[in-house]
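Each protein sequence line maps, in turn, to chains V and P. Counting from 23, one number per residue, gives the positions in the first sequence under my numbering. Counting from 56, one number per residue, gives the positions in the second sequence under my numbering.
It should be emphasised that the hints constitute simulated quantities derived from the structure, not laboratory data. Each hint should be verified, as a subset may be incorrect.
Footprint (simulated), chain P over chain V, 3 or more residues, beta carbon under 8 Å [stated by the list, open to error]:
1. 143 to 157
2. 269 to 275
3. 285 to 294
4. 297 to 305
5. 430 to 443
C-beta: ideal position from N, C-alpha, C; glycine also.
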Amino acid sequence: MVERKEQELLLQEASRKQLLRGQIDRREFLSRSLVAGLGMAGVGVAAKYGIGSALAQDRPLTPTFYDWIENLHPGIPAINEGFPDLNYQIAPVQGFGIERFVAEAKNGESTWDVYVGQTPFVEMTSLVEADVIEPWDDYIPAEVLDDMIPAIRDECTIDGKLYSWPFFLDVAGQGWHSGLTTTAGLPDSAPETWDDYLANAQAVIDSGAAPFGATFDAHGWRCVAPMAHSMSKDVYTPEGLFDFTSEPAIEALILMKKIMAVANPDILLAGATDGGVNGTPDEVAFAAQRVGYITKYFNAPLRMAQYWDEPTQLHLGPLPKFKGGEGSTVFWTTGSALFKHGQNKEKAAEYIKALTYDPRIWKDSIAGTETSHPGQLPPYKSIYAEWDANPPDWMLPFVALVRAQLDKAKAIENNLFGLSQFQIGQPLWQAYLTGEVEDPKVAMQNVMDAVKAERDRG
Amino acid sequence: MQRPHTSATARHLKDNLGTWVFLLPTLLFFVGYQVYPIFRVVWISFTNYEFLSNDPAQWVGFGNYVEALNDPLMWDSLWRAAYFTMMFLPGTIIFPMILAILVDRVQQPKLQTLYRIVLLIPALIPSTLVFVLWKWMYNYQVGPINYLLVDVFGIFTYQNAPQWLGGTALTLPSIAVMEVWWGLGYHAIFFLAGLAAIPKEMIEAARLDGANEWKVFWHITLPRLAPIMMILVVLRFGTSMAVIDEYLIFGGFNRASPTYTWTMFMYDQAFNIGLWRQGFAAAIGMIGAVVMIFFVGILLYIFRPRG
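Chain V on its own, in the form it takes in the complex:
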């Protein structure tokens, strides 16, 4: 009897919420209430009026997060407390794996409503192609859309539709250990050109301040792409593939070989986590204070400096540029994808808006917490404007630097091979770095041929 009463209340509550959301009118609401009031005998009738589907839609909002997001941003649970019914979950996406999402979509269902952890160039095109996600345009408030930094909005858009609601911004730049560079007698400022950068790195070694001068992450989207962008952003084919045979890409490869001469010898090895993608040798060398300079997205040196005796010795600057180059770099955001077969879509938009605008997230990210210092930044113009107008006491200089870089930076173009083109190409351009191939143009042509061959398979 108690169970029956609870069922009636649930049905009524479900209808009430649908009424409030405007999904049913008052007449239908009254009809359902009447039917539900008949008790369980009326449930069969109720189904006719759609109460069954109302109940099915009444699961709590169920977002799922890539686990690193919670690890780097421990303030998220506090924000979740503002959403008492939230069914917060960690996503089964180790190593960017989206197979579970795709498999569910093929059955026309989704365990979750929204996925927080999508990086557009990595998996957004795949999720769109597989019909797993839908655009946010019908749910995102217009003022939020207008508030996005234009370059970020472009990154998250395919065919004019916003498929990723951006959250965390990462921009590639340079960092240096001022303790080591000062010992080497270098000025405490960012080298402006790659030639200066290499000369400084050599000076670090020559002075004995550290065994290695400079380092980089050998994954192409973290080295070839940003270094090429520092010369020119015009490095994409009409279909959106990275043009490895372009002059900026070849110059980037030559530059990498020069940096390798002053770098930690394990620089080309795979990383320790996420299928070799993270926990890379450059991070280990920088964390161990064995290298003066690093080029990477800013949150990496910020995280590594936490292992230093004196983390304030970390200084950050824009990516150096080639003489006469554009001085651009690469950025990407990690954001939220809306599952086509998920539920609670309006609620999801409400939640993501609250999450992405919450000042606690940004304070923790920029100033750091006891457990992490991700240094990832917001995607909205209004937040930066507010900081400019009333600088918080916890604000750090690198934020303005990153924001300024963003006006020149470009995201890697969205493509089905957005990430894998760099994985396919890596061993082939590394043949030049290791001396197996003498001509960088030949190495990069081999990369382009291999990527196109993979694209044309089947």
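With the hints as your guide, set chain P onto chain V.
For chain P alone, kept in the frame of chain V given last:
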């Protein structure tokens, strides 16, 4: 003429009905969990099935097999798996056997139990923890192995210290060492069970007849451990040829890495590249499976019971 036969069959079925009822759950599990997936993969391997595409799969005959067999990466990746197996398999047989023989000689019961427990400890550690532990051990810059080689003994410098993992020539031997260590105690237990089955009188009689330790080992112990060796060789051949977790963790998707074996090639095609060509990936998997079955047959012949 048919009636007696039919009634005999019916009687046979009736008599064995209970047996079939008891077998049914296992049969259902076997068919649903083993037979169906195998046939499903075989079917997929003859289609152009792409996981990310919503287009229906088309029959392509042996197209995927021809493409795979003409791809040098297929042969390179099979060779890499075989190379790892050649390093791993002897180590996983010889060392545990020697260890088991040594432990078997311990007469003190408490000490014998202690040795067995210690031997089993690595096998009880979860795989993730083992990988994390060895990744740290092998780390170029902060790992204890290179710390000893560079900082303590000064055999190498930071410029030329060995790069154990991450796609170098040392990667597969390094992983093989880890795997042998991990399975040492577990495999030794197999041999200890085999040693326990050898009658002590036989060894004593041999010694009375003047056989030395080597002759006892060669003529008595080794032949009687052959069935254990056969089981281990066949089981471990399968696991070592089909390793993937370790390669995903230690090597990633770098196609030039020794860890990019046929299982990685298959995984890369099925879950990473383009529209995820699972038809092609299934063909790669079937080719790998056929190669493995062929060599398992050879191993079974080599280790067949004799006399």
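Status of the hints after comparison with the structure:
1. 143 to 157: holds (count 4)
2. 269 to 275: With 0 residues close enough to chain P, the hint is violated.
3. 285 to 294: holds (count 8)
4. 297 to 305: holds (count 4)
5. 430 to 443: holds (count 3)
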